[in-house]
Amino acid sequence: MTDPLDVLRASTRARVALGRAGDALPTGRLLELRAAHAAARDAVHTPLDVDAVAGAIAGLGVEVRQAAGAPRDRGEYLTRPDLGRRLASGVELPRGEHDVVLVVADGLSPLAVRDHAAGLLAEILDRLDGVRVAPVVVATQARVALGDEIATAVGARDVVVLIGERPGMSSVDSLGVYFTYDARRGRRDSERNCISNVRPPHGTGYAEAATTLALLMGEARRLKLSGVGLKADPALPAG
Amino acid sequence: MTRRRAALGGHTYEFADLRALLAAATPERSGDVLAGVAASSEQERVAAQGLLADVALSTFLDEHVVPYDEDEVTRLIVDSHDAEAFAPVASMTVGELREHLLRPSTDTTALAAGLTPEMVAAAAKLMRLQDLIAVGRRTPVVTAFRSTVGRPGTMATRLQPNHPTDDPAGVTASIVDGLLLGCGDAVIGINPATDSPQRTTELLHLIDDVRARYAIPTQSCVLAHVTTSIEIMERGAPVDLVFQSIAGTEAANSGFGVRLELLREAHEAALALDRGTVGTNCMYFETGQGSALSADAHHGVDQQTLEARAYGVARAFDPLLVNTVVGFIGPEYLRDGKEITRAGLEDHVCGKLLGVPMGVDVCYTNHAEADADDTDALLTLLGAAGCSFVICVPGGDDVMLHYQSLSFHDALYARQVLGLAPAPEFAEWLSTMDLLDEAGRVRELPAAAMRTLTAGVR
Chain A
1 MTDPLDVLRA STRARVALGR AGDALPTGRL LELRAAHAAA RDAVHTPLDV
51 DAVAGAIAGL GVEVRQAAGA PRDRGEYLTR PDLGRRLASG VELPRGEHDV
101 VLVVADGLSP LAVRDHAAGL LAEILDRLDG VRVAPVVVAT QARVALGDEI
151 ATAVGARDVV VLIGERPGMS SVDSLGVYFT YDARRGRRDS ERNCISNVRP
201 PHGTGYAEAA TTLALLMGEA RRLKLSGVGL KADPALPAG
Chain B
1001 MTRRRAALGG HTYEFADLRA LLAAATPERS GDVLAGVAAS SEQERVAAQG
1051 LLADVALSTF LDEHVVPYDE DEVTRLIVDS HDAEAFAPVA SMTVGELREH
1101 LLRPSTDTTA LAAGLTPEMV AAAAKLMRLQ DLIAVGRRTP VVTAFRSTVG
1151 RPGTMATRLQ PNHPTDDPAG VTASIVDGLL LGCGDAVIGI NPATDSPQRT
1201 TELLHLIDDV RARYAIPTQS CVLAHVTTSI EIMERGAPVD LVFQSIAGTE
1251 AANSGFGVRL ELLREAHEAA LALDRGTVGT NCMYFETGQG SALSADAHHG
1301 VDQQTLEARA YGVARAFDPL LVNTVVGFIG PEYLRDGKEI TRAGLEDHVC
1351 GKLLGVPMGV DVCYTNHAEA DADDTDALLT LLGAAGCSFV ICVPGGDDVM
1401 LHYQSLSFHD ALYARQVLGL APAPEFAEWL STMDLLDEAG RVRELPAAAM
1451 RTLTAGVR
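Going down the list, the sequences are from chains A and B. All letters in the first sequence, in the order written, are residues 1 to 239 by our numbering. All letters in the second sequence, in the order written, are residues 1001 to 1458 by our numbering.
Treat each hint with caution, since some may be false.
[As the list claims (entries may be wrong)] Which chain A residues face chain B? A few, computed with CB under 10 angstroms, are given here:
id	residue
1	V7
2	A14
3	L18
4	R20
5	T27
6	R29
7	L33
8	R34
9	T79
10	V133
11	P167
12	R188
[To be verified] Label pairs and their calculated CB-CB ranges:
id	chain 1	residue 1	chain 2	residue 2	range
13	A	R221	B	A1377	48 to 56 angstroms
14	A	E92	B	D1079	53 to 61 angstroms
15	A	R185	B	E1231	34 to 42 angstroms
16	B	E1438	A	R9	26 to 34 angstroms
17	B	E1084	A	R185	48 to 56 angstroms
18	A	Q66	B	F1256	13 to 21 angstroms
19	B	D1069	A	L30	53 to 61 angstroms
20	A	Q66	B	E1028	48 to 56 angstroms
21	A	E92	B	P1067	39 to 47 angstroms
22	B	D1069	A	D126	50 to 58 angstroms
23	B	R1103	A	L30	36 to 44 angstroms
Everything labelled a hint here was simulated from the structure, so no lab data went into it. A virtual CB, placed ideally from N, CA and C, is assigned to each residue, including glycine.
When you get a sec, could you build the whole thing from the sequences and use the hints?
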């Protein structure tokens, strides 16, 4: 007869039917959980290899610049989100006239950026015909709102930030996409649109995310706003 | 407003008002640093604590940390203050209140209506962990719906069967897993991935069907927004508990889309359904230090004081359950295991002193400096402190909200090591389901019960 607990295991990704050693977890399960937590911790703390990511993006045929948020180190980044929304002093980005700047930010999972940023960017760039796109900016120790300062610095009206999301034990490499129309310092989160959990094959795919973003950007140009006032596709995950 | 000065270590420290003094007296945490209200040195902190210890409790009734005219939470706290209950401590200072609460002759439970959130927050700032535990333990708050929560010697559990897409079979699997491990006596409560009236109603029926099929003496809850609960109650949905996230200022509650009037309306609607069997407490609130700051609605007040004010909101609605989600928001509010541990114990004792049935979601995120050793420690301390309930998810890994809470196994550990029982009605149910051995421990692999329960999973 089959184990009745197999029914539970087959029904969910949640960690059900783990078994017991007394009241505690069996050793194998204990170590599995520890390994998952270790992967999530390392996803947060392993620095982004900026040159590798910049190289991969340059391979798409676009110019790439580098920038950094104000936090001195990862510890300060984690406890002072206000600093991660500001450019580090001394960062200079050439100014131009652009409709949008695409920012690739390490966020809470540099791993997500390493694995998914270039692939997603390729799909996004494919859908921006006729849009004046600034050089892509790769930013470290960065929060979503750093994109507002970058947009102002490079002379872009809108900003799209691709950023590593807070890792869970079962998903360490989720990339989030935040779009802000008429970006500038002081924009609130309610003035942005978000597409979260981009991480094929488990989460949202690159093409699907890029298509949703292109739709949002088109609507934003028409309505001249983004955020809660921008009618999102019903399939769009809440942000 | 009164300026206060104190000298310590050859330096004179000055605090502009009660708000500044409370903030500076708060044991260090990252959220107060982020808000710019924390003490700038350890000596300044202790100097502030010295001044705070000498502040008369009556001062808190006149000097409000958030202005009365601007904030309905302040008005609720001030207008509902019970002078008669306050009388035994009316002439005391904060430091004397701490001592009074620690004396075995004091009936700490009887004081609740006479204490304001700011008074208990102030006393907690002077307390060490052992004080927070000792006072919490001697201040039980008992509530009931289909099970009784908060009796001394018990610790209940919320079974949290979250699923990334609210898949019915997935949710059911997590519920069954938790029941097989003796959890779910405080509530079977799910955070829906999508907060729509239809989804909320479907999930509610799912939990209610499981509960009814096995005659489980517990309550179901889908943690949707209060307006969703009101809407589906009007359409006849089986709502046991109305849930809402709340905070300690009117502005922060606005960020949650909540006014006190809305909570009153929901409370009355849930009471009218009259679905409880052993009690009528039918509200469930979640809170957490840092929620006001993250909504930019903190008025320059430290996060622990604001958290206590959230309990001031909660108690107005006779809740069955209130819990702080202590490590959830992230390291910008509570940096590491040490800060999370202290905050959990502070929140617990402040809730209990205000008459709130306080539980804790013992948890952390992957970007905080914390791990399962820290949650083990806090769970053990909370068990000693008489915490009403904790939150449990399969394996401690919430696959929908992406954070780590306690596992069902952790609840078994705490009950065993600390000699705590589930809610009495639920313990009896576990016994009738043959889930307990002769010593009252949850059986390992009780085959018969397992087949019965897993049969419910599609």
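Evaluation of the interface hint that places P167 of chain A against chain B, nearest CB under 10 angstroms: 5 angstroms, holds
Do the beta carbons of R221 of chain A and A1377 of chain B sit within 48 to 56 angstroms of each other? 53 angstroms, holds
Does the interface hint hold: is V133 of chain A within less than 10 angstroms of chain B, judged Cβ to Cβ? 31 angstroms, violated
Are A14 of chain A and chain B close enough, Cβ to Cβ, to be under 10 angstroms, as the hint says? 4 angstroms, holds
Cβ-Cβ distance between E1438 of chain B and R9 of chain A: within 26 to 34 angstroms? 30 angstroms, holds
Hint validity - R188 of chain A Cβ closer than 10 angstroms to any chain B Cβ: 9 angstroms, holds
Go through the hint on L18 of chain A and say holds or violated, using the shortest Cβ distance to chain B against 10 angstroms. Holds. Min distance 6 angstroms.
Using Cβ atoms only, decide whether R34 of chain A comes closer than 10 angstroms to chain B, and label the hint accordingly. Status holds, d = 8 angstroms.
Hint status (Cβ of L33 of chain A to nearest Cβ of chain B, threshold 10 angstroms): At 6 angstroms from the nearest chain B Cβ, L33 of chain A passes the 10 angstroms test, so the hint holds.
Does the beta carbon distance between D1069 of chain B and L30 of chain A stay inside 53 to 61 angstroms, or does it fall outside? 55 angstroms, holds
Range first: 34 to 42 angstroms. Now tell me if the beta carbons of R185 of chain A and E1231 of chain B are that far apart. 38 angstroms, holds
Outcome of range test on Cβ distance (R1103 of chain B, L30 of chain A; 36 to 44 angstroms): 43 angstroms, holds
Checked against the numbered hints given earlier, the structure breaks hints 5, 10, 18 and 20 and satisfies all the rest.
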